[in-house]
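Using the hints, position chains U and F against chain Z.
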Amino acid sequence: MKVLQVVEQAYRTLVEEQDDTILWLTQSMKGAGADLSVLLAGHCAYYAVQKTRQPALKIGGWQQQEPADIVRDIDQLLGKGVDVYVVREDLEERGLGDLPVHAGIRVIEKNKIHELYEQVDQVWQW
Amino acid sequence: MENKILTFAFMDPPFENERTVTFFRILDAALDRSVNVRVFAYEGAAALAFSKQQQHGNSVHGRDLQQEQHPLTKDWIAALQKKAQERQLQFDWVNCGLCVDERGVMESIPGCGRGSPADLWRYASEAFNTLAIGTR
Amino acid sequence: MSRYLFIQSQDPFIEARTSSQFDVATQLAKAGKTVSVLLVQNGVTAARKGARTPQFDALAGAGIKVFADSFALQQRDITAGDLKPSIAAGDVGMVVDAMLAGDKVIWN
Numbered sequence: 001m002k003v004l005q006v007v008e009q010a011y012r013t014l015v016e017e018q019d020d021t022i023l024w025l026t027q028s029m030k031g032a033g034a035d036l037s038v039l040l041a042g043h044c045a046y047y048a049v050q051k052t053r054q055p056a057l058k059i060g061g062w063q064q065q066e067p068a069d070i071v072r073d074i075d076q077l078l079g080k081g082v083d084v085y086v087v088r089e090d091l092e093e094r095g096l097g098d099l100p101v102h103a104g105i106r107v108i109e110k111n112k113i114h115e116l117y118e119q120v121d122q123v124w125q126w
Numbered sequence: 001m002e003n004k005i006l007t008f009a010f011m012d013p014p015f016e017n018e019r020t021v022t023f024f025r026i027l028d029a030a031l032d033r034s035v036n037v038r039v040f041a042y043e044g045a046a047a048l049a050f051s052k053q054q055q056h057g058n059s060v061h062g063r064d065l066q067q068e069q070h071p072l073t074k075d076w077i078a079a080l081q082k083k084a085q086e087r088q089l090q091f092d093w094v095n096c097g098l099c100v101d102e103r104g105v106m107e108s109i110p111g112c113g114r115g116s117p118a119d120l121w122r123y124a125s126e127a128f129n130t131l132a133i134g135t136r
Numbered sequence: 001m002s003r004y005l006f007i008q009s010q011d012p013f014i015e016a017r018t019s020s021q022f023d024v025a026t027q028l029a030k031a032g033k034t035v036s037v038l039l040v041q042n043g044v045t046a047a048r049k050g051a052r053t054p055q056f057d058a059l060a061g062a063g064i065k066v067f068a069d070s071f072a073l074q075q076r077d078i079t080a081g082d083l084k085p086s087i088a089a090g091d092v093g094m095v096v097d098a099m100l101a102g103d104k105v106i107w108n
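Protein chains in written order, with our numbering: chain Z, 1 to 126; chain U, 1 to 136; chain F, 1 to 108.
Just chain Z, same shape as in the assembly (with noise of 0.2 Å):
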């Protein structure tokens, strides 16, 4: 069985689980032998093309030890094969046309989405 996790929403999560809790749920379901590809839509498109480390937060005296790494998180997840998808219409859109591309991953036009569903044996949208 083929899935595609679409995830849209981004940054939720990120500070608290030190993880976007979508691609870290896909990393660990790839462990347990999951057949899987990521769309990275609306928001997340941020995610194909962040360079840096997430900021550590600080709370009173509460300083954060391990912020959340997406480059280093796409990293894996496209080393353990994952195949890992943008749109190109929700880069443009937030003003990320002309930034690189996290090397692997794949833009598509946002008319070539259904053929992706096609694809696959189910869609979960986060």
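To be clear, the hints were calculated from the coordinates, so they are not data collected in a lab.
Owing to the predicted nature of the structure, the values given are computational and were not obtained by experimental measurement.
Hints may contain errors.
To be verified - In silico DSS-like links for lysine-lysine, alpha-carbon gap of 30 Å or less: (1) Z:2 x U:4; (2) F:30 x Z:110; (3) U:4 x U:83; (4) F:33 x Z:110; (5) Z:112 x F:33; (6) Z:80 x Z:112; (7) Z:112 x Z:2; (8) F:30 x Z:112; (9) Z:2 x F:30; (10) Z:2 x Z:80; (11) Z:110 x F:65; (12) F:33 x F:49; (13) U:52 x U:74; (14) Z:2 x Z:110; (15) F:65 x F:30; (16) F:84 x F:33; (17) Z:30 x Z:110; (18) F:33 x F:65; (19) U:4 x F:65; (20) F:33 x U:4; (21) F:65 x Z:112; (22) Z:30 x Z:80; (23) F:84 x F:65; (24) Z:30 x Z:51; (25) U:82 x U:52; (26) F:33 x Z:2; (27) F:49 x F:30; (28) Z:2 x Z:30; (29) Z:112 x Z:51; (30) F:65 x Z:2; (31) Z:51 x Z:80; (32) U:74 x U:4; (33) Z:30 x U:4; (34) F:84 x F:30; (35) F:84 x Z:110.
Leaving out everything else, chains U and F in the frame of chain Z:
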């Protein structure tokens, strides 16, 4: 004919938004259709089965605790468990263990287990179909 | 042939993302897939007669069947007579029916 298994993955905690209500209505409809239900409760949804949820009264409306009968998701889960049992259907509920830990909601009502993303994949692989409901 | 059911909880008044969501549904319909949409929660606000939602209204023109959850309609005092002509009342049982039919069921 064997009843089909459907898996549902959910992320929202009790209260806060309408998705939680819609989710439970879907589970109820699944049992009505003789479906064996499997739920993977992820992130905030790990609190849905927390056994220490408590009702309260409503002084704004002049109702005491008994009168208010405040809805609690743990009671919804228990009601679905009972309905499944009466219909000889499965109703399996697994909370993501790490999600439980970080929220401190370790005490779940009976019949709810602790698991990991591997369980979501197992549930999905063994089910006829799966629906994931993300949070916003 | 692939069939799709989109459970549409997001509405075009608040969520700009619905534009892309409606685009995907339309693309699939134009590619010959059977596509249905079940409006739930505030998603049903687009279903009321007079609601100004041109892109949503175009879904029916693309051959997409649109239903509105009766519970959500009742919450908002929207009666059957208040619905746009292209929209039928439905319920969340349709989600289960679609899953049992092997449809790809996607939550928006």
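Evaluation of the provided hints:
1. Z:2 x U:4: Measuring from Cα to Cα gives roughly 20 Å; hence the hint holds.
2. F:30 x Z:110: Satisfied, since the Cα-Cα distance of roughly 14 Å is no more than 30 Å.
3. U:4 x U:83: Status holds; Cα separation ~17 Å.
4. F:33 x Z:110: Distance of about 17 Å is within 30 Å: holds.
5. Z:112 x F:33: Roughly 14 Å separates the two Cα atoms, so the pair holds.
6. Z:80 x Z:112: Since the Cα atoms of residue 80 (chain Z) and residue 112 (chain Z) sit roughly 24 Å apart, the hinted pair holds (cutoff 30 Å).
7. Z:112 x Z:2: holds (18 Å)
8. F:30 x Z:112: Distance of about 12 Å is within 30 Å: holds.
9. Z:2 x F:30: Distance ~24 Å between residue 2 (chain Z) and residue 30 (chain F) Cα, so the pair holds.
10. Z:2 x Z:80: Distance ~15 Å between residue 2 (chain Z) and residue 80 (chain Z) Cα, so the pair holds.
11. Z:110 x F:65: holds (22 Å)
12. F:33 x F:49: This hinted pair holds, its Cα atoms lying about 27 Å apart.
13. U:52 x U:74: Roughly 9 Å between the alpha carbons, so the hint for residue 52 (chain U) and residue 74 (chain U) holds.
14. Z:2 x Z:110: holds (21 Å)
15. F:65 x F:30: This hinted pair holds, its Cα atoms lying about 13 Å apart.
16. F:84 x F:33: Roughly 24 Å separates the two Cα atoms, so the pair holds.
17. Z:30 x Z:110: Holds - the C-alpha atoms of residue 110 (chain Z) and residue 30 (chain Z) are around 26 Å apart, at most 30 Å.
18. F:33 x F:65: Judged against 30 Å, a Cα distance of about 12 Å means the pair holds.
19. U:4 x F:65: Status holds; Cα separation ~26 Å.
20. F:33 x U:4: holds (24 Å)
21. F:65 x Z:112: holds (22 Å)
22. Z:30 x Z:80: Within the cut-off at roughly 8 Å; holds.
23. F:84 x F:65: Measuring from Cα to Cα gives roughly 13 Å; hence the hint holds.
24. Z:30 x Z:51: holds (24 Å)
25. U:82 x U:52: Holds. Residue 82 (chain U) to residue 52 (chain U) sits at ~19 Å (cutoff 30 Å).
26. F:33 x Z:2: Given pair residue 33 (chain F), residue 2 (chain Z) holds - Cα atoms ~19 Å apart, limit 30 Å.
27. F:49 x F:30: holds (26 Å)
28. Z:2 x Z:30: Holds, at about 11 Å.
29. Z:112 x Z:51: Holds. Residue 112 (chain Z) to residue 51 (chain Z) sits at ~27 Å (cutoff 30 Å).
30. F:65 x Z:2: holds (27 Å)
31. Z:51 x Z:80: holds (20 Å)
32. U:74 x U:4: Holds, at roughly 25 Å.
33. Z:30 x U:4: Roughly 25 Å between the alpha carbons, so the hint for residue 30 (chain Z) and residue 4 (chain U) holds.
34. F:84 x F:30: holds (22 Å)
35. F:84 x Z:110: holds (29 Å)
Violated hints are absent here; each numbered hint is respected by the structure.
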